[in-house]
Every structure is written in C-alpha cells, then in structure tokens.
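*Asks:* Whole structure, please, built from the sequences with the hints as guidance.
Given next are the chains, with one letter for each unit.
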Amino acid sequence: MELLDNLALGFSTALLVQNVLYCFVGVLLGTAVGVLPGIGPTATVAMLLPITFSFEPVTALIMLAGIYYGAQYGGSTTAILINLPGESSAAVTALDGHEMARQGRAGPALAAAAIGSFFAGTVATVALAAAAPPLASVALKFGPADYFSLVLFGLIVSIALARGTALKALAMIALGVLLGTVGQDIYTGTPRFVFEQRELYGGIDFVSVAVGLFGVAEILRNLENEQTRTAIVSRVTNLWPTREDRRRIVAPILRGTGLGAALGVLPGGGHVLASFTSYAVEKRISKRPQEFGRGAIEGVAGPESANNAAAQTSFIPLLTLGLPAHPVMALMIGAFIVHGITPGPNVINDEPALFWGLIASMWIGNVLLLLLNLPLIGLWVRMLRIPYQVLFPMIILFAAIGTYSLNSNAYDVYAIAFFGILGYILIKCGCEPAPLLLGFVLGPLLEENLRRALIISRGDPSVFLTRPISAALLALALAALVVAVLPTIRRRRAAVFAEEE
Amino acid sequence: MERRRSFPDVLAGGIFVLIGGAFVVGALGYELGTPTRMGPGAFPLLVGAAVAALGLAIVGKGLVAGEVISFGPVPWRAVAVIVVAVLFFGFTIRRLGFVPTTAVTALLTTLASARVRLLTAVAVAAGLTVASTLIFVVGLQLRIPLWGPWLGF
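First to last, the protein sequences are chains A and B. The first sequence lines up with residues 1 to 501 when you count with full-length UniProt numbering. The second sequence lines up with residues 1 to 153 when you count with full-length UniProt numbering.
It should be emphasised that the hints constitute simulated quantities derived from the structure, not laboratory data. None of the values given here were measured: they were computed from a predicted structure. Hints may be right or wrong, so weigh each one.
[As the list claims (entries may be wrong)] Taking CB as the label site, the calculated pair distances span:
| # | chain 1 | residue 1 | chain 2 | residue 2 | range |
| --- | --- | --- | --- | --- | --- |
| 1 | A | S408 | B | V138 | 16 to 22 angstroms |
| 2 | A | L3 | B | L140 | 51 to 57 angstroms |
| 3 | A | T342 | B | R37 | 23 to 29 angstroms |
| 4 | A | L371 | B | R143 | 32 to 38 angstroms |
| 5 | A | V390 | B | G152 | 50 to 56 angstroms |
| 6 | B | V74 | A | Q184 | 55 to 61 angstroms |
| 7 | A | L376 | B | L140 | 22 to 28 angstroms |
| 8 | A | D350 | B | R143 | 26 to 32 angstroms |
[Unchecked claim] Here are a few chain A residues that face chain B, going by a calculated C-beta distance under 7 angstroms:
| # | residue |
| --- | --- |
| 9 | L167 |
| 10 | L178 |
| 11 | R192 |
| 12 | A280 |
| 13 | P387 |
| 14 | L391 |
[Said to hold, decoys possible] Which chain A residues stay away from chain B? Per the calculated CB distances, all over 12 angstroms, these:
| # | residue |
| --- | --- |
| 15 | G189 |
| 16 | D245 |
| 17 | P444 |
| 18 | E447 |
We put the beta carbon where it would ideally sit given N, CA and C, even for glycine.
*Replies:* Right under this line is the structure:
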C-alpha cells in the first residue's frame with residue numbers, strides 16, 4: 001500500500017515535536033485572529049505570514065496551514081455568536097447558527113460545526129493523499145502550451161464562482177494579471193513599469209496586494225457605518241448536542257463532506273460554492289424545510305462540513321499543479337517560493353517528507369482544532385468583545401509592520417495603502433477583490449508559459465489548439481466563459497448568492 | 001429597454017480604462033519583439049488593451065443598463081487618516097526607528113474612527129506599541145533598530 005507508506009512518512013515528519021508545536025501555535029493564532037470580527041481567513045493568513053518566514057520550510061507550511069484552518073473555524077464562531085461572518089463561506093453558517101444562538105442553543109451549533117469540520121477534514125485529508133500523486137504525474141506531462149491553457153482555464157472558472165457580474169470579474173482578473181507584470185521581465189531582465197525605482201524591480205509583493213485588498217479595504221468598509229456596529233455576543237451554555245441533534249447532523253455531515261471535497265478543487269472559491277450548495281441541498285431534501293433560517297441544526301452541520309472538506313481539497317491543485325484555488329492558496333504559493341520551493345508536480349518527488357508531512361499535519365491540525373475550540377470557547381467569546389476602535393488600529397499597524405518585515409522595503413508598505421484604496425473603491429463598485437489577487441499570482445505563470453510555448457513552436461500560435469490537452473482545456477475555459485456570461489445562468493447564480501445578503 | 005444609469009459601473013469601468021490605458025502607453029516604450037521571441041512590452045500591451053477594453057464595456061453597460069448598486073457613504077476621514085498613517089510608517093520606519101514610528105502610526109490610525117476620544121487613542125497607541133515591540137522585535141527578532149538615525153542613534 002503506497003498510500004499507507006506515504007502517510008507513514010508524512011506522520012513521521014508531522015509528529016516531530018517542533019512541527020506539532022507550531023501546528024498548534026498556528027491553529028491557536030489563526031483561531032484567535034479569525035475570531036476577531038471582520039477579519040477573514042485571507043487577511044489572517046496574510047497578516048501572520050511574515051511570522052513563518054524564519055522557520056524551516058516544512059514547519060512554516062505546517063504552521064500556515066494551521067493558521068488557515070484556525071481562521072476558517074474562528075470565522076464560523078463569529079458567524080454563530082454575533083452574526084458576523086468573516087468571509088462569504090461562513091455566511092451560510094450565520095443563517096441558522098446565529099438563529100440557534102438566539103434561541104440559547106449556541107453550544108450545540110458550535111459543537112455541530114466542530115464535529116462536522118473534524119469529520120470532513122479527516123475524510124478530505126485522505127482524499128487529498130490519494131488524489132495528489134496520480135494528478136501530479138499527469139501534470140508532469142504538461143508542456144508550456146498545456147500549462148498556459150490550464151492557468152487560463154483556472155482563471156476563467158474563478159469568474160463563474162465570483163459574485164458580481166462576469167464582466168467585472170473578468171476585468172478584475174485581467175487587472176491582476178496586468179499588475180503582475182510590474183518588475184523585471186523574466187526573459188530579458190528589462191525593468192517594466194518601475195519608474196526608475198530600484199525597490200520596484202522585484203515587482204509588487206503579493207502580500208501587499210492581499211493585505212491591502214483584504215485587510216485595509218475591509219477596515220474602510222467597516223468604518224462606513226461605525227455607529228451601527230454593536231456586537232451582542234450570545235451566551236454559550238451547554239455545549240453538548242442533544243440526542244435528537246446528534247441524530248439530525250449525521251446525514252448532513254456526510255453529504256456536506258462529499259460535496260465539499262468535490263467542489264473544493266475548483267479554482268476561485270470552491271469552498272464558498274460548497275457551503276452554499278450544501279445548504280441548498282439540505283433545505284431541499286429536509287422533511288422540515290420551514291425550519292431552515294429559524295435555527296435548523298442541519299443548516300450548520302452540512303455547510304460547515306462542506307466548507308472544511310473544501311478547504312482541505314483546495315490544496316490539491318496547489319500541490320499538484322502549482323495553481324492556487326483561492327487567495328489563501330495564493331499566499332501559500334508565496335510561502336513556498338520564499339522557502340525556495342516551486343509548488344507544482346515536482347514537489348512530491350523532490351520533497352516527499354515536506355509534501356506528506358504537510359498532508360499529515362492537516363489531519364493533526366483538525367484534531368487540534370477540535371481539542372482547542374470547544375474547551376476554549378469562553379476565551380473566544382471574550383475576544384469577540386474587543387471593541388473595534390482597538391481592533392482596527394491593531395490590524396493596520398500589524399499589517400504595516402508585517403509587510404515591511406518581509407523585505408525591509410518601504411514600497412511594500414506604500415503598496416498596502418494603494419491597494420487598500422483601489423480595492424475599497426472597486427469593492428464599492430461591485431467588483432470582488434479575489435479574482436484580482438488570483439490574476440496577480442497567476443499572471444507571471446501565464447506570461448512565462450505563453451512566451452515559452454511560442455518560442456518552442458517558432459511563433460506559431462496554433463500550438464495551443466493542436467496539442468490535445470491544451471485544446472481540451474481551452475474548450476473548457478470557453479465553455480466556462482459562456483456559462484458565466486449567459487444571462488439566464490447568471491440570474492440563477494445570483495439566486496444562489498442572494499441568501500447571503 | 002429601460003435605461004438604468006449606474007454611477008458605480010461608470011466609475012469602475014473608468015478605473016479599468018485608466019489603468020489599462022496607462023500600461024498600454026508604458027508597454028509601447030518597451031521592445032515588443034516578434035511572436036517567436038516576444039519582447040518585454042508584448043504581454044503587458046496585450047493585457048493592458050484587454051483591461052481597457054473590458055473597462056470600456058463596463059462604462060458602456062453602466063450608461064445603458066447598469067448594475068443597480070448603491071455606492072453608499074465614504075468614511076473620508078478614515079480613508080485619509082489610514083493612508084497618511086501607512087505612508088508615514090513606510091517613510092519613517094528606517095529613519096525614526098521601530099518604537100517612535102509604531103507609536104505615531106498607531107496614534108494616527110486610532111483617529112480614523114469618529115468615535116474615538118483622545119485619552120483612549122493615547123492608551124490604545126501606547127498599548128499597541130508595547131505589544132508590537134514585544135511581538136515583532138523581542139519575539140520574532142525582526143532586525144529593525146528600536147531608535148533610528150533621526151533621533152541621533
């Protein structure tokens with residue numbers, strides 16, 4: 001059993017004392033920051049990223065993954081207790097979770113979320129371990145033309161999953177790709193769009209883009225209606241779900257896990273789609289659909305499981321193809337690169353201990369989450385009460401210090417302000433920021449493979465259509481584009497997201 | 001068809017046209033090369049043109065059948081204060097050193113909230129300065145001098 005050998009290697013790495021310790025620190029820090037109202041997983045990971053850069057690569061990645069799960073879990077705690085989801089995938093949890101909290105059943109809601117997440121995380125970790133090697137070996141056969149088409153496909157699919165109109169999402173992706181061209185040209189070394197500033201030769205740091213778009217812009221959004229922000233934290237009494245609750249959450253957890261594991265692989269936020277789909281499914285097949293929105297525990301257990309399974313399987317495209325499925329994975333790419341590892345199909349063979357150690361640590365991270373969160377719920381409730389006037393200066397300050405510490409480059413700090421304002425205006429105009437970040441991270445890959453493919457084909461662009469893998473991916477990309485633009489489907493997509501508002 | 005003008009659409013489209021156009025102009029200053037060997041200007045030219053074209057389409061749509069979104073209030077004070085605070089941090093971190101830069105940045109940032117009182121602001125700034133010095137300099141061993149050359153160190 002190769003899978004078992006691989007997992008054994010993984011656990012032997014992940015269970016090293018320092019790795020378990022930093023996984024624990026990551027989960028704890030991630031939950032702590034994720035619980036703070038208004039900070040989603042992307043902002044959390046972006047802010048805490050610099051902390052990990054001084055560690056060994058495996059340890060750093062394990063800690064980052066822990067931060068990610070912690071932040072995601074912290075988001076559902078806020079969603080349930082104060083009806084403030086940190087990110088869109090937790091928005092569904094808020095629907096019934098907060099309603100349960102208002103009825104004095106916050107405990108069972110939190111427990112259902114924790115148990116569902118743990119189960120889904122376990123299953124999805126195994127799915128990841130099983131799916132990664134074959135996918136990576138397929139990816140190794142990819143030429144530059146195939147790779148270009150793959151990246152393009154990934155970017156186009158992310159439109160279909162973004163909110164707002166397809167046209168705006170497309171424009172955001174293209175803008176991201178465009179901003180990714182700032183810095184030295186990879187082939188000729190010519191500095192582009194740097195205005196003679198040596199500090200810009202390395203390009204715009206993706207951490208600045210992420211912190212600006214997801215941290216600063218979000219704070220500005222929150223400061224718009226300061227007066228109305230009053231956090232009423234629900235009391236948490238009895239945590240353990242009743243026998244009736246336990247009976248009702250089993251099937252939704254199983255269905256949510258399956259849905260999430262499958263949809264998480266999709267680029268552009270499959271985890272959001274996963275939790276929405278799971279909610280819709282549970283509501284449709286429930287014998288008591290009228291209870292949904294009024295505190296149905298199925299509406300918490302299903303989406304939370306789906307969300308967590310998707311969070312896990314969204315590592316598949318990153319680890320096998322080097323493609324980030326959503327902004328947090330884009331940050332993980334940055335972390336890999338800082339440690340001198342190029343994410344992609346080669347990682348499995350070149351760094352087996354790192355690869356399998358990371359996967360094994362995901363399961364350990366899920367165990368730690370379960371052990372940590374339920375006993376510490378009182379602590380998280382107290383963190384929820386930190387007033388925003390203390391919170392937002394802290395976020396801005398830590399963002400500035402963290403970004404500066406990456407390269408000791410003042411331009412990275414100025415970039416936070418720039419992307420904060422740009423992101424804020426664009427968000428207000430109905431443009432979602434996630435596609436921009438994905439475009440920014442994938443842009444250089446797109447350019448490199450386009451140019452390399454054309455060099456190999458001696459300038460003949462038909463190479464993208466004559467290679468079967470490339471042609472198939474382009475056809476899929478075109479189909480995805482048509483689906484995203486077609487008005488009828490767009491309306492249906494709007495209906496899926498409508499409940500979030 | 002009913003005409004629905006949308007200010008946010010026009011604004012967003014305008015931003016895309018502006019940035020895309022600026023990159024196109026910039027890209028024309030670099031070598032474009034041939035399809036076989038694309039120069040440094042070719043890819044930005046292509047993508048810049050795409051961004052500008054998409055921006056134009058969004059403007060056009062915003063004038064005819066725009067997306068109905070309300071732009072909402074803008075917290076001008078917060079926007080201005082946070083930009084100034086972040087720029088201040090970037091500009092002075094090397095010159096003033098970690099402690100004074102952090103303290104002033106934190107104090108400035110607290111002013112972004114319309115509801116903050118001066119005493120609270122000072123307390124928050126002091127607390128954050130101590131906390132971030134402990135976390136980043138003592139804990140994470142960032143190599144940033146605590147006091148910078150402008151203060152005679």
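*Asks:* Are the hints correct? Go through all of them and say.
*Replies:* Cross-check of the supplied hints:
{"no.": "1", "hint": "A:S408 / B:V138: 16 to 22 angstroms", "verdict": "holds, 18 angstroms"}
{"no.": "2", "hint": "A:L3 / B:L140: 51 to 57 angstroms", "verdict": "violated, 38 angstroms"}
{"no.": "3", "hint": "A:T342 / B:R37: 23 to 29 angstroms", "verdict": "holds, 24 angstroms"}
{"no.": "4", "hint": "A:L371 / B:R143: 32 to 38 angstroms", "verdict": "holds, 36 angstroms"}
{"no.": "5", "hint": "A:V390 / B:G152: 50 to 56 angstroms", "verdict": "violated, 33 angstroms"}
{"no.": "6", "hint": "B:V74 / A:Q184: 55 to 61 angstroms", "verdict": "violated, 37 angstroms"}
{"no.": "7", "hint": "A:L376 / B:L140: 22 to 28 angstroms", "verdict": "holds, 24 angstroms"}
{"no.": "8", "hint": "A:D350 / B:R143: 26 to 32 angstroms", "verdict": "holds, 31 angstroms"}
{"no.": "9", "hint": "L167", "verdict": "holds, 6 angstroms"}
{"no.": "10", "hint": "L178", "verdict": "holds, 5 angstroms"}
{"no.": "11", "hint": "R192", "verdict": "holds, 6 angstroms"}
{"no.": "12", "hint": "A280", "verdict": "violated, 24 angstroms"}
{"no.": "13", "hint": "P387", "verdict": "violated, 9 angstroms"}
{"no.": "14", "hint": "L391", "verdict": "violated, 10 angstroms"}
{"no.": "15", "hint": "G189", "verdict": "violated, 9 angstroms"}
{"no.": "16", "hint": "D245", "verdict": "holds, 40 angstroms"}
{"no.": "17", "hint": "P444", "verdict": "violated, 10 angstroms"}
{"no.": "18", "hint": "E447", "verdict": "violated, 5 angstroms"}
Checked against the numbered hints given earlier, this structure breaks hints 2, 5, 6, 12, 13, 14, 15, 17, 18; the rest are met.
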